[in-house]
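Asker: What follows is the residue order along each chain.
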Amino acid sequence: MTTQQKTRTLTMAQAISEAIGQEMERDERVFVMGEDVGKYGGIFSATTGLYERFGKERIMDTPISETAFMGAAIGAAAEGLRPIAELMFVDFFGVCFDQIYNHLAKNTYMAGGNLTLPAVVMTGIGGGYNDAAQHSQCLYASFAHMPGMKVVVPSNAYDAKGLMIQAIRDDNPVVYCYHKGIMGLSWMSYFEGSTNEVPEEAYAIPFGKARVVREGTDVTIVTLSQMVQKAVLAADTLAEEGISAEIIDLRTIVPLDTETVLASVAKTGRLLVADEDYLHFGLSGEIAALVAEHLDSVRLKAPVRRLAVDAVPIPFSRPLEQHVIPQVDGIVAAVKAQLATPIGL
Amino acid sequence: METTSDRLLWMYRTMVEIREYEETMAKVYLEGKLPPKIQKGLAFDIGAGPVPGEMHLAAGQEPVAVGVCAHLRDEDSVVGAHRPHHFAIAKGVPLNEMTAEMFGKVTGLGRGKGGHMHLFDPAHKFSCSGIVGAGAPQACGAALAAKKLGKDWVAIAFFGEGAANQGAFHEALNLAALWKLPVVFVCEDNKYGISVEKGDSTAIASNADRAAGYGMPGVLVERNDALAVFEAAGVAIDRARRGEGPTLIEVKTDRYYGHFQGDPETYRPKGEVKALREHDPIPALGAVLREQGLLDDARDAELREAIRSKVQAAFDFARHSPYPDVAEAHQHVFVD
Chain A
1 MTTQQKTRTL TMAQAISEAI GQEMERDERV FVMGEDVGKY GGIFSATTGL
51 YERFGKERIM DTPISETAFM GAAIGAAAEG LRPIAELMFV DFFGVCFDQI
101 YNHLAKNTYM AGGNLTLPAV VMTGIGGGYN DAAQHSQCLY ASFAHMPGMK
151 VVVPSNAYDA KGLMIQAIRD DNPVVYCYHK GIMGLSWMSY FEGSTNEVPE
201 EAYAIPFGKA RVVREGTDVT IVTLSQMVQK AVLAADTLAE EGISAEIIDL
251 RTIVPLDTET VLASVAKTGR LLVADEDYLH FGLSGEIAAL VAEHLDSVRL
301 KAPVRRLAVD AVPIPFSRPL EQHVIPQVDG IVAAVKAQLA TPIGL
Chain B
1 METTSDRLLW MYRTMVEIRE YEETMAKVYL EGKLPPKIQK GLAFDIGAGP
51 VPGEMHLAAG QEPVAVGVCA HLRDEDSVVG AHRPHHFAIA KGVPLNEMTA
101 EMFGKVTGLG RGKGGHMHLF DPAHKFSCSG IVGAGAPQAC GAALAAKKLG
151 KDWVAIAFFG EGAANQGAFH EALNLAALWK LPVVFVCEDN KYGISVEKGD
201 STAIASNADR AAGYGMPGVL VERNDALAVF EAAGVAIDRA RRGEGPTLIE
251 VKTDRYYGHF QGDPETYRPK GEVKALREHD PIPALGAVLR EQGLLDDARD
301 AELREAIRSK VQAAFDFARH SPYPDVAEAH QHVFVD
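Chains A and B, in that order, are what the protein sequence lines are.
Following the UniProt record's numbering, the numbering of the first sequence begins with 1 at its first residue and continues without gaps.
Following the UniProt record's numbering, the numbering of the second sequence begins with 1 at its first residue and continues without gaps.
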């Protein structure tokens, strides 16, 4: 017998803070550290309301000392606590990356599995609002490139809540990347598709399960984060022209749901990867390689296409930024070009 | 700036110019960002309008910039932080190109690619960064270069009190003292690191006390006063120029606006800014100049009018400049 779930429409920011709050109620080992996570409620509102509920001992404003609090998250996790450390902008990982990739990501392995580090690194990603080269990157593929970290990249409020709860309960380090342009902030334009119905009770979404956002037959668009919302708008436009696009939201890139990607590409015969991270040596290449390695079971009708940020820092100037970050029009154009380019001999 | 009178007048004029610039930017920045012309439901849209993105203004913090830069020569380097306009103006960065950069125009200092936190003007030996604390080691590098080149140039690192809790700050201080570099570290204590009060982020009251741990003089300037900064900076810069090594100065200063424009500032006690503005450092220096017969109403009005025109001209220049061609997005990752 199933009970009717009570849902409300939440922004992604509200869903994340609700998830953290529910886990903090359930498990007193959970606490949050980061810059402006307290009274301010997080610069991107991921901890709004938690300081008032849990107080400064569990919602801890830190000095601007990322190395110190990232390292403290490792030390506290090793003692059995479950810290959530917010890195305000993912771009700031440069300040504290030694703690993250040489320690958080590796200590469990170097201990032969005898050490558990249940820490969540929560961080704001993405551009589109002219914050320039040091505050606009995605960088999730950089974490995924290095072994030892699970990497979560939600595209909407429902997923954001379930994935955050899973992240907190996971016994491994999890890097949880929220795109600023889908948080539903009152001071930044956002894609409304990211604000959706969220159950009141706690629920976990398992990692490594991609979501088929929309079924289609002509092309598979593999994407994640804010780009899912752009792909949906692109698919609407393509549908008006009789082109049927299937959209796969990866939700997590470590672990990666290869099965769902391969099944979809086998069905449609075409793969477009739409990504806001850097093009080179990144996620889009990884997905393309996955398909290339399975050409014994997947028959392609067109060469693979990739949309991502070319090898340039994110420029400040609006027309330049809009040009380097893939947009809805670019997805539409790429799909059309792909349909017009069959596999040659 | 040969005589002290020249320097006092320059400091006053430059403070007026910085204030005029920041107040103008505060207004222009809001253009296009408020309802009803933005996405429904938003109170503000950071990415809209002619000057998009984050905007950190330095009104109230002018004494730090002018009190230090009054001692600098063209060959001296300045490295600023994410709130950089006052330092840039005091170092002589041209207003037109600086403003055009913030509009994302091709005539900007970085052809529109950097934006307001990333102003680079090698001709005036000015740079800054959006990463807190990142500038202090780079100023050490400029000072190291001066030493290697056999010049008596100095380098200044400006940063906020929040940056003094970054590893980069502590590493830079040790390096500078160890290598006896001609660098002066100037910490602007505006009380808040975004929303977090200094007392909630820093274990001791004055960062100047940290200098002792690195074997350099530490000086606390307790008033947001251009002359007090001028005096402390003069001693430190002369010392650096003589090859006697670095100094750390902390100045208690005042941030009149939010951390960024659009900051709801709910963490700030009501009336705090109003109270701060009652002790504004610009009229305070003006009164000193008047006492010395260097300024009167007519001269003040004249210089303010000239500054208004200059600032207005910079914003006009920026507004009427073209955007870069999108092909430029792919250029300048490397030099040719």
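If you're looking for bench data, these hints aren't it; they were derived computationally from the structure.
Hints may contain errors.
[What the hints assert, rightly or not] Result set (PhoX-like, lysine-lysine): computed pairs, CA atoms no more than 20 Å apart in a straight line:
id, chain 1, residue 1, chain 2, residue 2
1, A, K39, B, K270
2, B, K191, A, K39
3, B, K180, B, K148
4, A, K301, A, K336
5, A, K336, A, K267
6, B, K191, B, K310
Asker: Okay, which hints does this one fail, numbers in order?
Answerer: Structure breaks hint 6 only.
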